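Visitor: Sequence:
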Amino acid sequence: MAQLSGLLLVELALNAAAFLCGVICSSALTVTQGEFGGQCILYGSVRYNGTLSLSTSSHVSLCYFVSAVSLLAAISSFVALLRSVYISCFGDSERRSGDVWVKAFLVISAVVLFFLLISACILRVGMDALCGSIHTSAAAPSCQEAQRRPWVQPYRATRFYDNLYTAEAAAWVNFFFWCLTALLLYLESVGKFPFQPPQSSGLTWNDDETAPIIGDGPRGPS
Numbered sequence: 001m002a003q004l005s006g007l008l009l010v011e012l013a014l015n016a017a018a019f020l021c022g023v024i025c026s027s028a029l030t031v032t033q034g035e036f037g038g039q040c041i042l043y044g045s046v047r048y049n050g051t052l053s054l055s056t057s058s059h060v061s062l063c064y065f066v067s068a069v070s071l072l073a074a075i076s077s078f079v080a081l082l083r084s085v086y087i088s089c090f091g092d093s094e095r096r097s098g099d100v101w102v103k104a105f106l107v108i109s110a111v112v113l114f115f116l117l118i119s120a121c122i123l124r125v126g127m128d129a130l131c132g133s134i135h136t137s138a139a140a141p142s143c144q145e146a147q148r149r150p151w152v153q154p155y156r157a158t159r160f161y162d163n164l165y166t167a168e169a170a171a172w173v174n175f176f177f178w179c180l181t182a183l184l185l186y187l188e189s190v191g192k193f194p195f196q197p198p199q200s201s202g203l204t205w206n207d208d209e210t211a212p213i214i215g216d217g218p219r220g221p222s
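With full-length UniProt numbering applied, the sequence shown has no gaps in its numbers, which climb one by one up to 222 at the end.
Calculated from the structure, these hints are not laboratory results.
A portion of the hints provided could be inaccurate.
[What the hints assert, rightly or not] Quick list of in silico lysine to any residue cross-link-like pairs, SDA-like style, CA-CA up to 20 Å: (1) K103 x R156; (2) K103 x P141; (3) K103 x L183; (4) K103 x R83; (5) K103 x V79; (6) K103 x S137; (7) K103 x V190; (8) K103 x L82; (9) K103 x L7; (10) K103 x S27; (11) K103 x F114; (12) K103 x L113; (13) K103 x V23; (14) K103 x L81; (15) K103 x Y186; (16) K103 x Q39; (17) K103 x L12; (18) K103 x V10; (19) K103 x W172.
[Said to hold, decoys possible] Per label pair, the in silico range of CB-to-CB distance: (20) A68 x V107: 17 to 23 Å; (21) T56 x F90: 32 to 38 Å; (22) L20 x S53: 30 to 36 Å; (23) A110 x Q153: 16 to 22 Å; (24) A138 x Y86: 54 to 60 Å; (25) V79 x D128: 32 to 38 Å; (26) H135 x V10: 40 to 46 Å; (27) T158 x H59: 23 to 29 Å; (28) D162 x G132: 14 to 20 Å; (29) C121 x T56: 43 to 49 Å; (30) L117 x S142: 24 to 30 Å; (31) A104 x S61: 27 to 33 Å; (32) S53 x K103: 50 to 56 Å.
Because the structure is a prediction, the values reported are computed rather than measured.
C-beta: ideal position from N, C-alpha, C; glycine also.
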């Protein structure tokens with residue numbers, strides 16, 4: 001197994017963390033949809049008449065879009081993670097197409113960053129709209145408090161705010177990790193941060209260096 005450079009370890013950690021963030025964001029948003037019968041509550045509004053009910057909701061494709069972006073980002077991170085593990089096992093000899101990979105994944109990173117930013121903003125603004133509606137309806141002083149209020153059936157909104165907050169936090173953290181990954185790829189592509197496992201630093205001796213120590217060999221009689 002090849003020795004691991006510091007840069008390779010950083011890339012392994014970033015890819016693993018980005019993969020987890022993508023899975024967490026998609027899972028939390030999917031669970032929230034399940035609590036509301038498959039409806040997307042982002043940008044939604046509520047009505048309060050002793051119990052809370054969802055009066056309007058966004059099209060389900062909006063939540064599907066955010067979940068799909070998170071999943072695709074997670075898949076991309078997983079592929080990059082597998083590549084990093086492969087390099088750590090087989091070393092430099094397996095990196096002949098490294099320049100092509102770096103440039104291709106740099107483009108992929110830019111696309112992923114763009115859609116991650118959009119999905120994170122959707123989560124942030126969508127949550128603000130929903131929580132503003134809850135506050136306006138006087139159903140609860142906050143979204144977090146609304147989790148403990150009764151909702152009409154079949155809603156099971158006992159953790160909807162926690163799940164949405166988790167999804168949003170994971171989306172922004174994922175965006176940050178992808179920014180760092182893109183920065184590393186850019187530095188690697190311009191050659192300022194070579195992605196090379198450290199070479200062994202064994203000492204070698206040549207004849208000129210050993211001659212003064214062991215002598216020039218036996219001499220004949222003068």
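Visitor: Each hint: holds or not?
Guide: Going down the list of hints, with the structure as the test:
1. K103 x R156: 46 Å, violated
2. K103 x P141: 50 Å, violated
3. K103 x L183: The hint holds at about 12 Å.
4. K103 x R83: Roughly 14 Å separates the two Cα atoms, so the pair holds.
5. K103 x V79: Cα-Cα ~15 Å, so holds.
6. K103 x S137: This hinted pair is violated, its Cα atoms lying about 52 Å apart.
7. K103 x V190: 10 Å, holds
8. K103 x L82: 17 Å, holds
9. K103 x L7: 17 Å, holds
10. K103 x S27: The given pair, whose Cα atoms are some 31 Å apart, is violated under the 20 Å limit.
11. K103 x F114: 17 Å, holds
12. K103 x L113: Holds, at about 15 Å.
13. K103 x V23: At roughly 26 Å apart (the allowed maximum being 20 Å), V23 and K103 break the hint.
14. K103 x L81: 16 Å, holds
15. K103 x Y186: Holds, at roughly 8 Å.
16. K103 x Q39: 40 Å, violated
17. K103 x L12: 18 Å, holds
18. K103 x V10: 19 Å, holds
19. K103 x W172: 24 Å, violated
20. A68 x V107: 17 to 23 Å: 19 Å, holds
21. T56 x F90: 32 to 38 Å: With a Cβ separation near 55 Å, T56 and F90 fall outside 32 to 38 Å, so the hint is violated.
22. L20 x S53: 30 to 36 Å: Holds - the Cβ-Cβ distance for L20 and S53, about 35 Å, lies within 30 to 36 Å.
23. A110 x Q153: 16 to 22 Å: 46 Å, violated
24. A138 x Y86: 54 to 60 Å: 58 Å, holds
25. V79 x D128: 32 to 38 Å: Roughly 34 Å apart at Cβ, these two residues keep to the hinted range, so it holds.
26. H135 x V10: 40 to 46 Å: Roughly 43 Å apart at Cβ, these two residues keep to the hinted range, so it holds.
27. T158 x H59: 23 to 29 Å: Given range 23 to 29 Å: holds, Cβ gap about 25 Å.
28. D162 x G132: 14 to 20 Å: Holds: the Cβ-Cβ distance is about 18 Å, inside 14 to 20 Å.
29. C121 x T56: 43 to 49 Å: 20 Å, violated
30. L117 x S142: 24 to 30 Å: Between L117 and S142, where Cβ atoms are some 27 Å apart, the hint holds.
31. A104 x S61: 27 to 33 Å: 29 Å, holds
32. S53 x K103: 50 to 56 Å: 52 Å, holds
Going down the numbered hints, you'll see the structure goes against 1, 2, 6, 10, 13, 16, 19, 21, 23 and 29, while the others check out.
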